[in-house]
Amino acid sequence: MADLTAAPLTTADIRAQYSEMTRRKRLYGGIILVVFVALMMAGFRTADGRNAGSFYDGITHVFDYPSEVLAEASEKAAELPGHLVNFFPALIETLNIAAASTLVGVVFGTLLSLLSTRGMAPWPRLIPLFRRIMDISRAIPEIVIALVLIFLLGGGPVPAMIAIAIHTAGALGKLFSEVNENASLKPVEGLESVGGSWGQRMWLGVIPQVGPNYVSYALLRFEINIRASAILGFVGAGGIGYELKNAMSWGQGRYDEAAAIFLLLFITIVVVDQISSGMRDRLINGAKA
Amino acid sequence: MTILEAELTPASLKQDMERLFLKKKLMGFALPALILAYMTYVFFAFDMPGLWQRVSWQNAQTLVSDTYSYKTHVTRDNRDASVSVAIEGERKGAYPEGQSPDWVTLAAGAEGETVIDLENGHLVRFGSDSIEYDIPGYGLVRATPTRAKGVQAELPAGDVPEWISVSKNRLAITTDAGRLTVTRNRAEVFRYFTGWELFFFTLDSPYHGMGLGEVMTRAATGEAGAIFHDFWNNKMWRHQDVAWAIAETLLMAFLGTIGAGIFALPLAFIAARNFSPFGPLRFVVRRFFDFLRGVDSLIWTVVLARAFGPGPLTGALAILVTDTGTFGKIFSEALENVDEKQIEGVSSTGAKPAQRYRFGVIPQITPVLLSQLLYFLESNTRSATIIGAITGGGIGLLLTQAIITQKDWEEVAYYIVLIILMVMMMDWLSGWLRRRLIKGETGKSKRKARADGKAFLLP
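Same order as they appear, the protein sequences are chains A and B.
Residue numbers for the first sequence follow my numbering, so the first one is 1 and each next one is one higher.
Residue numbers for the second sequence follow my numbering, so the first one is 1 and each next one is one higher.
The following block holds chain B by itself, in its conformation from the complex (with noise of 0.2 angstroms):
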């Protein structure tokens, strides 16, 4: 005691608090300082000044609006001067032959004048050689394609405003109301709507354009079977198919989960250091786990799908290969954990090694097992969208062929709305399995759980 009395000294413990500030207080400058200098390089090594310009508004206009509305194109043929309706301008958004939306009065005959109104006073026809726009406020637009001429737009007089644009070959007018374009071998009308259109229903069935009720009225009349059948094979919205791939990212999550499990656990027992007593198998065993959690999922998934193609399965085993490595870590430091005492008791009654793995070791690691099984299976559907993405399977391949297209972005709406109701489904699901399934898991345990950062790995 009087070593310690002599050493510390008032002024001596005084120099050391200062010493001890000043560092803090440089800490907490240099820090932050730090990391500004680190966001400064990231700015500039991404570029982010250029960023600016390279954004496309348009694309973000096109983007917005497409996911809230939808078009309806009125297309002239100017070769034959026939007239098609349809949505989007897709052929399955077609209105048959001689069909159309109420806003359309198609021409009678060879000769006739179809008449596109698209309100307010705008209306668009299409005669037999000449086509017209009434603007109100601004004046009537001709415009008359010819082969051998381009097309021959007759303006009101004064300056052509700057929402119409006039070249040789082209006329286009944005309004409010709608669009048209002519050029030398078609006349396009665009009305704008919103909502999505033909979910439901597309235009070949008999129910599209119904309403709730009279569709209820129907089904409980005995259509039920007919009026899910044009539902399901909506050829638009080709909601069959989005509900396989749901099910296939769901299915790849729930195989690759389980099926990693299944093999992590048996190899986990030789990775644990009071169950396997073969030091060089349990090294083996280690780096193989090693090997797994390292080659990452994208370099597993880009491998699986040369030897098993584009798919389910593949993701599948992506998923498993790589949880294989991170579950056999988990489960074999959680076996390291178990109590023997259990164990013990359970030999002392005369059990054999098998009885004494069910009854002495296994219910112990029970709820570690199946509480990051049920983690994962919520995580690894996420990653089953992003492999699906990448090998071609389930929801994720529907959403990038809906983005490549860069015009179906109602579609793409849909489907991210789809995801993320699905990811939070198994949120959910799998929170309630745990509450369930692990009755021990209170608040109490799951602190301690985490504050073990080393057997907590993070999805």
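Extracted from the complex, chain A is given alone in its bound form (with noise of 0.2 angstroms):
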């Protein structure tokens, strides 16, 4: 307090701080930013340099392949109905394999955050075992699961269930522990006090606080178990991308398949993101009101 007292600060001399700082800061920034930038640069060189073909080259045929596929679904543009028709039962597989593996995932999701949320958990001590379950079957790319399913149950729509459902139980397992964390604990404690079971305390207690979020996490991963199951077709677990890698390795002569399959991916996923972001709209703004 004496040093200022002593020497107050004159106007130039908080200039001089404040430019001073400033300064300072614009560096660091500017480093930062080169750093990045340089960061980004490399980064892109090694892709470039460790795919098949560069980025220069394949630029300029970016669009060879989707045009080579919308000219031959022109020409056969009398066929796209029935190849739409044809195709819309794979759709459905998919469209089954995301939605059970979303409703599994839930049920196992719920389950799993009830059991690792501080005050709803009972066995307080196991919460880290049941966060690090959580946490490794979040981790676990779809992909492997379903392929070392593949192996052991034949292709088919169940290994890419399976896969699916285990991230999300883990996925939504997270989110819904955090949406647990906000819900109110005095209905449970209410419950308890009149001798309800642990299971009656969650399900009449927990469950209707935080219903409405749940539902609007579940959908939103319903889009996205969409998207997951149709690229777990492509490497062999039936619906539509098991057709759609079909149509495409059978190459040109089929583009109009491949076309049709993926305008039927398309106008689902378009759907489905218009129809749950409508819902979710209304659940959460209700659950508000």
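No wet-lab data here; the hints were simulated from the structure.
Check the hints yourself; a few may be wrong.
To be verified - Taking lysine to aspartate or glutamate pairs in the DMTMM-like style, the calculated list, with each CA pair at most 20 angstroms apart, reads:
no.: 1; chain 1: A; residue 1: 174; chain 2: B; residue 2: 427
no.: 2; chain 1: B; residue 1: 329; chain 2: A; residue 2: 223
no.: 3; chain 1: B; residue 1: 329; chain 2: A; residue 2: 13
no.: 4; chain 1: B; residue 1: 329; chain 2: A; residue 2: 68
Stated by the list, open to error - Examples of chain A residues lying across from chain B (beta carbon under 10 angstroms, computed):
no.: 5; residue: 49
no.: 6; residue: 69
no.: 7; residue: 71
no.: 8; residue: 139
no.: 9; residue: 161
no.: 10; residue: 270
All figures in this text were calculated on a predicted structure; none of them were measured in a lab.
Heads up, the beta-carbon is just placed ideally off N, CA and C, and yes, glycines get one too.
Reconstruct the complex from the two isolated chains, following the hints.
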């Protein structure tokens, strides 16, 4: 304090200090930016070097494949509705995989989240264990489980469903436990005081509070799972992805089928996206009102 | 008020309540019933009952035992009676000519006898023209393979036990100690060991079989480079390739996510209502975002792989294109929610438009921008694995290759562990960066952001 009173800061001092600080901040910002840009460039060059085709050759051919597909599809435009009908069962299978795995994932995700939320867990000591289980099942990409299960169970929708369900349980478990943390514990205590079992406390005390949020997250997950199940079909798990792979590996002459599948997938994703975002909007805003 | 009182008689209230309760009760039963009905439909649509017959327990057994154990093959070529020893029967795991592990005593000359000790009294002898297996508690099995007559097996008297299968051209014995197969052309003994074989050094490295202490001592006395070289170029586990594959996967995620952010930000300004006065242009950009998001990453991957060929660049571009759509949507929504007052304040000091954006807008959306970028960086690490498996690049490619061979399950297990560690590390890193970079992200603001379901898009 003595120092301050001895030599009061003049406006010039303050300005000098401020501009010094600004300069330093700008310098740091500049350095970070330069490092970042260098990192991006180096990364791009590495990726380009390790790729089969180079970026500059490829960029001119980006539209070759889509235009070939479109040309052939428009040539055979009359057959398109037929293809759409043909591939519809495969689309239904993909949707079924996504829906079933979301439902299974919601059930296990709910259980895991309740078991790993403080205040709700029946065995508080095991919370870290259930957290780790969620972390691991979230970290495993679906394709890993799916490929291993395809080896065991043969191709088909079940490996894909199990794989997506495991990942969904982990991902939703984490989101659900965050929702749970914001839920009031008073209903749970009330139910406990009248002798409710753990199941009753959770079902009657917690679920009604968190239900709308759960459903909203589950819908979001359903959207993601449709994409995931299409991708898993591509590696052998049935559904529309599998048909796409077949049509693609056939190459020219079946591009109209590929186009039909692209179209089906695109429409499905957009429609589900719209419906689910509408429903989520209503759930969240309805819950608030 | 009188109207209200007149309408809300206790009777009518009660009636309303009863109707509401009935509705809730019905919903309470209808919803679970609907889900149950759907699951039953799926159960049969997916042919779950038939699944039980399709399960290959044999495969499951191979998979599980292979992940934690390995086998060493001792093979006798029956045409010239030469004996070779190789781990997993692979050439890269073969012992050099004339060398063998200490449980195999190689024949001294052409007429000598190779003795394989499978422990607990199990002994296999490759003689000059016949193969003998001494099984404790059962007896001696002798097989003589000839080109003309196939495999002639001599078994102890009595019924043939189920762990021995004999046919004209083949003899197979499976015991706890190991496995012997004799065909016309060759005789093969498998001995199983626990662990991952040759993980650090292959047989041709001088450091194979050395203890950790000795390797450390040698490293300290100037051999560190050679030791690392032998480990890094291990032909069995290909540590160098695996490290590169992980790097490629992370590179795909990094380039894709950051690139998408760079492209999406300027476009988001055009798509935001309060920054873009031209309605039609806004509409076009928004539909463009929807299109990028609606065409799934699978389709983008497939299309881009045609143009760029397999590799990390294709994966990075596929992530970039898909996420440009997602980021565009998120960023433009964030831009529509910015506080106009700060921009006004900045412009009141005489700031030019560029400065208004730099000091009035960017600081407001930075938290949203950074936190979304970091969220997606983590989730794209997973996507990059999947995209790599489709286009062929990164750890996803190695994983699919290892699974397709259907025998290197220890490598599959190794890759799975690496992938899980990689994703968890990215998860941790992105969370840490989020906490460090965005100081305002406390529990409360997080809750607010989550409750706003529309702006929140899951990766």
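(request) State the violated hints by number, sorted upward, taking the hints as numbered earlier in the document. (result) 3, 4 and 7
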